[in-house]
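Protein chains in written order, with the working numbering: chain A, 17 to 181; chain B, 930 to 1609.
For the record, the hints were derived by calculation from the structure and aren't laboratory data. Cβ coordinates follow ideal geometry from the N, Cα and C atoms, glycine included. Each hint should be verified, as a subset may be incorrect.
[As the list claims (entries may be wrong)] Residues from chain B shown here face chain A by an in silico Cβ test under 10 Å; the list is partial: (1) 1102; (2) 1243; (3) 1348; (4) 1449.
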Amino acid sequence: MPDTDPMRVTVLVNGRREEVRTERDTALLYVLRNHLGLTGTRFGCGLGLCGACLVLIDDRPAYSCDTPMWAVEDRDVTTVEGLGVSGRPHPAAQAIIDGQAAQCGYCISGVVISAAGLLAVNDAPSEDEVRAALDRNLCRCGAQNRIVRAVLAAASSLRASRDSG
Amino acid sequence: MAGSGEARTALPPSLAANPRLGDWLRVLPGGVVEVRSGKVELGQGVLTALAQVAAEELDVDVARVRMFAAVTGISPDEGTTAGSLSIQHSGAALRVACAEARAIYLGVAAGRWDMPVGALTVQDGTIAAQDGRTTSYWELADDRLLDRPATGLAEPKAVPDYRIVGTSVPRVDLPDKLAPRPRFVHDMALDGMLYGRVIRPPSRGATLLDVRAEPAMGAARRRDRRARREFPWRDHRTGGGGAARRRPAARGREVAGRARNCPMRTICRPSSPPRPPRPASWPNPPLPPVRRRRRPRASHEATYHRPYLAHAAMGPSTATALASTAPVSTAPASTALASTASAGDEAGVRLEVWTHSQGVYPLRRELARALKLTEDQVRVRHVEGAGCYGHNAADDAAMDAALLALAVPGRPVQVVWSRADELGWEPYGPAAVVRVAADVDARGDVLSWQHEIWGNGHVTRPGFGRSIGLLAASHRDGGEPIEPAAEPPLERGGGAGRNAVPGYAFPAYRVMNHRLSVMPLRTSSLRSLGGFVNVFAIESFMDELAAAAGRDPVEYRLAQLADPRGRAVIEAVVRQSGWADWSPAGSSRSVGHGIGYARYKNSSAYCAVVAEVEAVTEVRVRRLTIAVDGRPGDQPRRCREPGRGRRDPGDQLDAEGTRAFRPLYRDQRHLGQLSDPAVL
C-alpha cells in the first residue's frame, strides 16, 4: 500500500530548508511548482521521458515528475532558479540567451539543468559529451544544434572566468 | 500627412478588417511603443519579428517596442495564427499602420514648427529638424492621434532602406524563459485557483458510464469535511482538498477529478466498432487518360503513405478560466470594450479564459456558441504555451476550464491535460496514402503525371466547421460529434491537397483528392497539413524516375523545372553542398545523399535541401544543406518566421535572418531522442 497519509516532508531546495505538507508519494515536481512556486521546472510528459522537469538532486540531474517526495527527504535539490550565481543566470542559461538557442523555450529549463550537471563535473566537454549529457532532453521545436553550441560556449566561458579569476 | 497627393496604398487585409490605428499601437510617454497584433506567440518568435516590423517603420529601437499578447476586445482580430501567414498578414498591417503613425507624429511636429514634414528626420523616436530643434514621439504621445482609421496614405519604407528587418535581433520572450520568470500559461497562479480535471473515456468509440475514483479520491474525501460534495478539487494554495460546490455543467460523461495523475478507473462501453475508412473509389479509381503530346515510352507508379501523427507538444494543453458575475476586468484606457447589453447578460455571467490557443477570437466565438453566452460575455487572453505545430488541444482545455469555472463562480480553475488525455483526445495529423503515376518519354522526362491522395481532412479547428470544434462540447449530453474536416481551396493553401500540384513543368498532370469522410481518430491541422506527404511523394517519385532513366537526380529535376526561383534554390544548394564532388566518407555503402525541392503551398517560399543520410541500424540524417528563397517581393522578412519542426532549418533561419538567398548548413545529428516514438 502506498503511504498516502498527509505529513510534512523536509527537503533542501536551492540551499533552503523547506518543510512541505504533502503526501510522501507526491511528485517532487508538484511540490516545486505548486507549493514552493518554483515554476521554472516544467511539467512536460509527466512520465520521466522528456526532460522538461529535470532538477539536480545531490548535483545529479533527475526527473522531478516521477521522483516522490520520500525519495528526496533531506537531500539537496537544485532547480533552475537555484543555478544562477549572485543574481546572474548560470553560464549555460546565459549562453543560450546569447546564442538565441531556444525556440519555444518550454524544454529549456531542463536543458540548462542537464548542462549544469555536465559542466559541474566536466568543464571541457567535447561536442559528443554535450550531446550525450543532453540525451534525456527532448526539444520538439528543433533548437538542438543551437543548444549544443551554446553549451560548448558556456564551457569555454566557464574556463575563461576560472583562468582569469 | 506625408506627401498629400501621393497614391493611397491599398490597406492590407488585416488592417482593412481592423482599421483603427490605435488598435495596433500606442505611443507611451515613457519612451515605449506598445504594439498589438492579433497573431500569437507559439514559440516561433513571431512577436519579435513583428516588433522588428514596427520598429523599422517607426524608426525606433526594437528595445522600445513592447509586444502585447492578443486579447479579445483589445487586440485586432486576425483569426488564427497558422499557415505561416503571420508576417504576411500581421506584418503587412503593422507595416502600414506604423508608417502612418510615424507620419501622423511627424505631422504634429511639423505643424508645431511650421515647416514641411519632409524636412524632419526620426532617429529612435526623436524627431529632429534641420535647424537643430528636436522633439520625440514620447513628448508628443497622445492616444487621440491614433484614434482614427488607417488611410494608407503614408508610404512604408522601401525594402532596400530596411535597417532592422532582415537583421537578427534577440527574441523578446527568451529572457523570461531563461531567468526563469513565469511566462507560460502553466505558470499562472491566481488567488484561490483550483485545479480541475475532466475524465473522459479512454478513446474515441467508447462511452463513459461511470468513474470509480476510489481510492484515489478517498483520502481527500476523508480529509475533506465537505466530503458530501461530489467533486473534490485540488486547492492550489494549500494542497488540501477543496470542492466544487456544484456539479459541473457536463453531466455524466465528464466529471472533475481531484488531480491530474490520480489513477481513475473508467467504466466504458465500446460503441459500435469503428468502420474502416473506405471511400467509394478505394483502392484506385480509374482515371481518365491524360492528354499526351508524345507517345510514352514507359509508365511508372509508386505509393507513399504517412501514419496518423500525434501533435506531441512538449507541454500539456492547459487553460485557466474564471467565471464571475462582475464585469470582466477592464481593458487599458484606450481600448473600447464592445457594447455589453445583450440577451445573455441577464445571467450576468462574465467568463475570462487564459489560453495558448492559436486564435483568441475564433476561440471566443466558439466558446460563446458552445456555452450559449454572447461574445461580449467572454474574454479570451493569450498566454504562451509549449511550442505549437498546429491545432493542438489548447482550445479543448479552454472549454474544459470554462465549464468547470462556470460551476464555481469566483474561483479561477486551471485545467492541465495529462499525456494520456493528449494521446487519446488531441487532434492528430491525418494519415494519408499517396499514389503517384507517370508516363515518361524516351529520355525519361515526364509526359503525364497523376497524383492521388486518400485521407481525412486537416482543418477541424474551432470555427471551421458546422459542429462546435471543442471536445467537451461534443461530449456533453446532446453534443454533436466534431465533423470531419472539409478541404480548403488550394488558393487558400489547401488541406490534404497542399503541395499536391507538381511544381515541375510537366506537359500534363492530374491531381485527385479522395477525402475520407469517416474519421477513426480526430484529425486536424499539423505542421504543413498535406504538404509534407505530398512533397515526400513527389520528390521520392522524381528520384525513382531519375533512377529509372539513369540520370542524375539534380539534372533530372532541373530539366523539368521552369520556375527560375525554383531553379535558383536547387542550383544554390547543389553548389553549396558540393553535390557534384560528393563522396561518402570512407568507402561506406551505408551513406548516401539526395535532394528534395518544393515551393510551400505552391505560392510561398522556395526551398531545396540536400541531405546526407546514413542507414545502418537506424536511418540518420548526418547533414542537411538547405537553400531558401523567402523573398516575397513586398515582405522579405516572411522567411524569418522560423520554420517549426525538428527537421527544420528554423535553427538557422531565425538566428541568421535572410535576405534573398541564404544557403544554410546544418549538421543535424541526434541530440536526444529525435525519433519520438509517439510521433513517427
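Each hint tested on the structure:
no. : hint : result
1   : 1102 : holds (7 Å)
2   : 1243 : holds (4 Å)
3   : 1348 : holds (5 Å)
4   : 1449 : violated (25 Å)
Checked against the numbered hints listed earlier, the structure breaks hint 4 alone; every other hint is satisfied.
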